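Let the hints inform the model, and build the full structure from the sequences given.
Residue numbers (my numbering), protein chains in the order written: chain A, 1 to 600; chain B, 1 to 351.
Don't read these hints as lab results, they were simulated from the structure.
Please note that a few of the clues may not be correct.
Said to hold, decoys possible - Label-pair restraints from in silico Cβ distances:
(1) A:Gln263 to B:Gly269: 23 to 33 Å
(2) B:Arg235 to A:Asp459: 48 to 58 Å
(3) B:Ala232 to A:Ser45: 50 to 60 Å
(4) A:Gln246 to B:Gly181: 44 to 54 Å
(5) A:Gly16 to B:His239: 57 to 67 Å
(6) B:Lys193 to A:Val467: 40 to 50 Å
(7) B:Gly269 to A:Gly16: 52 to 62 Å
(8) B:Glu103 to A:Asp151: 52 to 62 Å
(9) B:Gly301 to A:Gly16: 51 to 61 Å
Said to hold, decoys possible - Partner residues are not named here, just some residues of chain B that face chain A (Cβ under 7 Å, in silico):
(10) Gly82
(11) Val86
(12) Arg89
(13) Ala99
(14) Asn101
(15) Ala232
(16) Gln236
(17) Phe237
(18) Ser271
(19) Gly322
(20) Ala340
(21) Tyr350
On a predicted model such as this, the values are computed, not experimentally measured, just so you know.
Ideal placement from N, C-alpha and C gives every residue a C-beta, glycine not left out.
Take a look at the letters that make up each chain.
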Amino acid sequence: MATVNDVVVKIATVNGTGSASANGLLMKSIFRMGIPVVGKNYFPSNIQGLPTWYEIRVTGDGYQSRSDRVDIMVAMNAQTYASDLADVSSGGWLLYDSTWPRHKLLDRDDVTILGVPLSRMCNESFDGARARILMKNIAYVGVVAALLDIDLQIITTLLEETFSDKQHLVDSNMQAIRLGYDYASENFVCPLPSKVEAMDGTADHIVIDGNTAAGLGCMYAGATVGAWYPITPSTSLMDSFRSFCQQYRVDKETGERTYCIIQAEDELAAIGMVLGAAWNGARSFTPTSGPGISLMSEFIGFAYYAEIPAVIFNVQRTGPSTGMPTRTQQSDILSCAYASHGDTRQVLLFPKDPSECFEMAQSAFDYAERLQTPVIVMSDLDIGMNDWMVPDFEFDENKVRDRGKVLTAEQLEEMEKFHRYLDVDGDGIPYRTLPGVHPKGSYFTRGSGHTRYGAYTEDSAAYQDVVDRLLVKWETARTMLPDAQIEVSKFNKAGLLTIGSGHGACIEARDRLAAQEINLNYCRVRAFPFSEAVQEFIEQHEVVYVVEQNRDAQLRSLMLLDIGAEPSKLVSLLHYNGMPLNAGFVVDKVLEEVAKGRAA
Amino acid sequence: MSYIGKPKVAHPKMPRNDLGLTARDYEGTVSTLCAGCGHDSVTAAIVQAVFELNIEPHMLAKMSGIGCSSKTPAYFVSGAHGFNSVHGRMPSVTTGANAANRELMYIGVSGDGDSLSIGAGQFVHAIRRNLNMCYIIENNGVYGLTKGQFSASADIGSMPKKGEANQQEPIDPVSTALALGATYIARSFSGDKEQLVPLIQGALLHDGFSLVDIISPCVTFNDHEGSTKSYAHTRQFYHHVIDADYIAPAEEIKAAYEKGSAMAVELHGGSKIALRKVDDQYDSTSRASAFKYLRERFNAGEITTGLLYMDDSRQEMHDLMGNTKTPMCQLPLETLNPGADELKKILNRYR
Chain A
1 MATVNDVVVK
11 IATVNGTGSA
21 SANGLLMKSI
31 FRMGIPVVGK
41 NYFPSNIQGL
51 PTWYEIRVTG
61 DGYQSRSDRV
71 DIMVAMNAQT
81 YASDLADVSS
91 GGWLLYDSTW
101 PRHKLLDRDD
111 VTILGVPLSR
121 MCNESFDGAR
131 ARILMKNIAY
141 VGVVAALLDI
151 DLQIITTLLE
161 ETFSDKQHLV
171 DSNMQAIRLG
181 YDYASENFVC
191 PLPSKVEAMD
201 GTADHIVIDG
211 NTAAGLGCMY
221 AGATVGAWYP
231 ITPSTSLMDS
241 FRSFCQQYRV
251 DKETGERTYC
261 IIQAEDELAA
271 IGMVLGAAWN
281 GARSFTPTSG
291 PGISLMSEFI
301 GFAYYAEIPA
311 VIFNVQRTGP
321 STGMPTRTQQ
331 SDILSCAYAS
341 HGDTRQVLLF
351 PKDPSECFEM
361 AQSAFDYAER
371 LQTPVIVMSD
381 LDIGMNDWMV
391 PDFEFDENKV
401 RDRGKVLTAE
411 QLEEMEKFHR
421 YLDVDGDGIP
431 YRTLPGVHPK
441 GSYFTRGSGH
451 TRYGAYTEDS
461 AAYQDVVDRL
471 LVKWETARTM
481 LPDAQIEVSK
491 FNKAGLLTIG
501 SGHGACIEAR
511 DRLAAQEINL
521 NYCRVRAFPF
531 SEAVQEFIEQ
541 HEVVYVVEQN
551 RDAQLRSLML
561 LDIGAEPSKL
571 VSLLHYNGMP
581 LNAGFVVDKV
591 LEEVAKGRAA
Chain B
1 MSYIGKPKVA
11 HPKMPRNDLG
21 LTARDYEGTV
31 STLCAGCGHD
41 SVTAAIVQAV
51 FELNIEPHML
61 AKMSGIGCSS
71 KTPAYFVSGA
81 HGFNSVHGRM
91 PSVTTGANAA
101 NRELMYIGVS
111 GDGDSLSIGA
121 GQFVHAIRRN
131 LNMCYIIENN
141 GVYGLTKGQF
151 SASADIGSMP
161 KKGEANQQEP
171 IDPVSTALAL
181 GATYIARSFS
191 GDKEQLVPLI
201 QGALLHDGFS
211 LVDIISPCVT
221 FNDHEGSTKS
231 YAHTRQFYHH
241 VIDADYIAPA
251 EEIKAAYEKG
261 SAMAVELHGG
271 SKIALRKVDD
281 QYDSTSRASA
291 FKYLRERFNA
301 GEITTGLLYM
311 DDSRQEMHDL
321 MGNTKTPMCQ
331 LPLETLNPGA
341 DELKKILNRY
351 R
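Printed below as a string of structure tokens:
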């Protein structure tokens with residue numbers, strides 16, 4: 001097996017040992033060599049002591065999903081050694097700490113075992129238990145650098161940037177890297193046949209996770225109130241918003257803040273705060289995950305009916321119930337689309353990667369304020385917490401953000417009377433006022449039955465008038481939201497359709513299938529309600545393979561409900577084991593269907 | 001909840017406040033609560049309190065949850081903004097509303113079910129944040145809309161209309177607030193407007209969380225013999241320890257108080273509240289002694305009322321956070337991001 005810039009390194013460690021920084025260093029150094037990379041972190045719901053893996057896929061072709069192979073396994077965790085060895089693809093390599101003897105049974109004929117006495121070398125070179133553990137992790141970076149031919153100068157530069165004012169840390173880290181690098185160079189044939197070579201594939205790109213990007217997007221969107229209750233995997237979104245606000249939203253002279261972050265007592269309170277703030281005209285948001293959505297549902301229905309903007313980030317994790325909090329899934333589609341009791345429908349946005357997290361974090365506020373309804377940004381753990389290589393974010397300073405139909409004091413002054421829920425423009429969206437702006441703007445917000453004039457009612461016709469008008473608004477939403485990404489050739493009879501983080505694997509699967517003469521058109525849905533283009537896409541094809549990351553085909557069900565799609569055309573390819581989707585899964589499943597005689 | 005508007009006809013000689021408004025201008029729609037409900041008296045007290053404070057109606061935000069009490073914001077100050085939210089969640093909505101606009105005056109009306117059962121979590125956390133609001137609990141010990149179940153404030157031994165006496169410890173909002181460090185704690189009775197109005201006025205003007213727990217009997221389900229939240233029981237065991245008078249900014253404290261018995265405390269905007277001790281034993285500045293006193297009187301079967309505790313030294317939520325004085329909702333969006341060039345610098349951290 002000899003490849004250039006097409007290699008997968010998986011590192012098995014114990015969480016809480018500082019391996020995250022070592023792995024980040026390794027990934028960044030490859031990125032700095034101009035080579036596209038994908039980083040995936042598989043971690044336990046635990047603070048310290050349990051197995052954790054980090055997978056670096058070097059992909060000169062620039063694919064965005066995880067790979068289905070492991071070329072080099074860095075087996076630093078004795079607990080998982082046997083299964084880690086089993087994971088290595090045939091012809092691959094396994095690197096282990098040879099300080100202690102390893103049972104002879106744990107070998108494979110088709111895997112080259114590389115032993116490096118990492119602990120012994122670090123114990124001889126460093127003092128203190130903590131430093132020795134940390135440096136052992138840095139030392140394997142050195143070994144991998146030698147094996148793959150990673151530029152040591154780049155690693156040095158990265159360390160200098162990380163420890164800018166602490167030269168002794170740069171020196172000790174470089175010493176550990178050297179230990180590993182030199183040992184590998186002296187004892188193995190370096191580089192391996194699978195190696196890296198500098199290229200020009202990462203210009204104008206960054207490596208970032210979706211939660212950081214979304215937090216940055218909220219700051220750029222002008223969000224001022226963020227209320228939240230900590231929950232994996234959404235927590236780092238508020239951490240990101242906070243850190244950007246600390247930098248850019250604190251008055252240099254007075255020290256006064258132009259942001260208000262409230263850690264709520266629970267998710268019920270978090271969404272209540274968001275609604276209170278939005279009712280008063282502030283851009284407000286809450287990040288959460290599945291269990292939080294369940295708790296917020298009553299208020300989400302309230303906001304739908306009382307027509308209050310709200311931005312909710314649902315960084316989805318594996319359900320049901322507590323499920324697997326540190327694994328990914330797209331299994332809240334239905335519970336979000338119809339969150340709350342009664343007839344409700346919620347607007348959903350589906351970002352595909354951190355780049356769209358940044359964009360949609362901003363546009364979500366525009367849609368929420370324009371439509372006067374909650375908007376749920378359906379991210380997931382794979383997008384939110386993993387490192388993605390994405391094009392540089394852009395921000396248009398001249399774009400005027402949409403604050404929706406909010407009456408000014410002057411407009412109210414000239415009005416005879418203001419009616420909160422009157423459909424003046426025929427688009428189903430009424431006008432709203434903000435408290436304190438003008439005496440004529442006062443009205444009573446309620447989740448109980450109300451008339452188009454905003455008054456309480458138990459009158460059947462007056463009640464129905466309002467809920468029917470909400471359907472008009474729903475159709476307006478359908479025309480406004482981000483349209484699907486569609487790639488169509490008229491020669492193809494079958495299509496591949498997905499959402500969110502399924503994108504990367506589906507793009508790669510299409511290429512692989514095309515190499516086998518199976519050509520599929522493509523549709524990536526970006527919002528609910530679904531656009532006409534999505535409906536047309538389904539109608540145009542004999543079969544549409546719907547790829548989603550849940551057991552119950554929730555996206556497919558939603559298409560039957562929202563646009564009356566023909567059920568027999570929609571064939572589900574369901575991936576729901578908690579790991580990010582990979583192209584191999586999609587390829588295999590499509591091939592299975594084709595073998596059964598389905599169109600391709 | 002009523003949707004019958006009241007005619008806004010005022011007698012030409014009706015007194016007008018500094019804004020030129022009469023008390024009629026601070027009323028709402030016609031109440032749909034039972035005739036004789038304590039809550040309607042509280043509504044009347046709120047109308048008088050707000051009228052006398054010269055509050056611009058549209059600068060008042062009326063917040064509530066669900067229940068008989070939570071309906072009442074429709075019955076006062078129709079020119080104010082109202083937010084009738086979901087059961088037990090008024091505090092969180094008010095927290096967010098206040099976070100967005102600290103210039104409005106917030107009055108939350110809740111009940112014992114709304115605040116001490118379903119909304120207990122939100123009630124205690126609003127106190128913990130020292131949210132700047134007036135939080136009224138119309139406390140009748142019973143669920144009215146669902147027809148007479150005990151609430152968490154029902155006293156041990158109190159009899160329901162039908163069935164067995166309550167055996168569980170009551171949750172007392174006043175001692176709960178005291179334990180949690182609320183900065184303005186009052187208790188009164190819907191039937192004592194003279195005591196109640198200044199307590200609400202002080203609560204509205206206090207910078208921080210103000211609790212006014214008001215025994216407000218339910219005439220339909222909890223006003224019978226054997227109930228400890230009936231009109232008759234409350235009148236019999238009602239005990240003033242410390243009363244309050246509201247003093248407008250321009251007024252001086254009149255010398256009507258006995259020497260040493262009055263203490264003036266500054267409120268928002270230069271007005272004051274004068275505390276009148278009815279019981280010399282009571283110290284409204286010490287949490288520990290207030291707590292002891294309240295428990296002793298409670299054990300003796302008495303209902304202690306008045307401005308029971310006040311602490312004007314603690315900062316309210318925004319000031320604790322160091323937030324701008326400008327309401328967040330009034331900050332222009334374009335001033336809230338550092339621009340495209342700065343974004344490029346930020347992105348350089350991720351290369």
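Going through the hints against the structure:
| no. | hint | result |
| --- | --- | --- |
| 1 | A:Gln263 to B:Gly269: 23 to 33 Å | 31 Å, holds |
| 2 | B:Arg235 to A:Asp459: 48 to 58 Å | 41 Å, violated |
| 3 | B:Ala232 to A:Ser45: 50 to 60 Å | 58 Å, holds |
| 4 | A:Gln246 to B:Gly181: 44 to 54 Å | 27 Å, violated |
| 5 | A:Gly16 to B:His239: 57 to 67 Å | 58 Å, holds |
| 6 | B:Lys193 to A:Val467: 40 to 50 Å | 42 Å, holds |
| 7 | B:Gly269 to A:Gly16: 52 to 62 Å | 54 Å, holds |
| 8 | B:Glu103 to A:Asp151: 52 to 62 Å | 58 Å, holds |
| 9 | B:Gly301 to A:Gly16: 51 to 61 Å | 57 Å, holds |
| 10 | Gly82 | 4 Å, holds |
| 11 | Val86 | 5 Å, holds |
| 12 | Arg89 | 5 Å, holds |
| 13 | Ala99 | 4 Å, holds |
| 14 | Asn101 | 4 Å, holds |
| 15 | Ala232 | 34 Å, violated |
| 16 | Gln236 | 38 Å, violated |
| 17 | Phe237 | 34 Å, violated |
| 18 | Ser271 | 21 Å, violated |
| 19 | Gly322 | 6 Å, holds |
| 20 | Ala340 | 5 Å, holds |
| 21 | Tyr350 | 4 Å, holds |
In the structure shown, a violation is registered for the earlier hints numbered 2, 4, 15, 16, 17 and 18, in ascending order.
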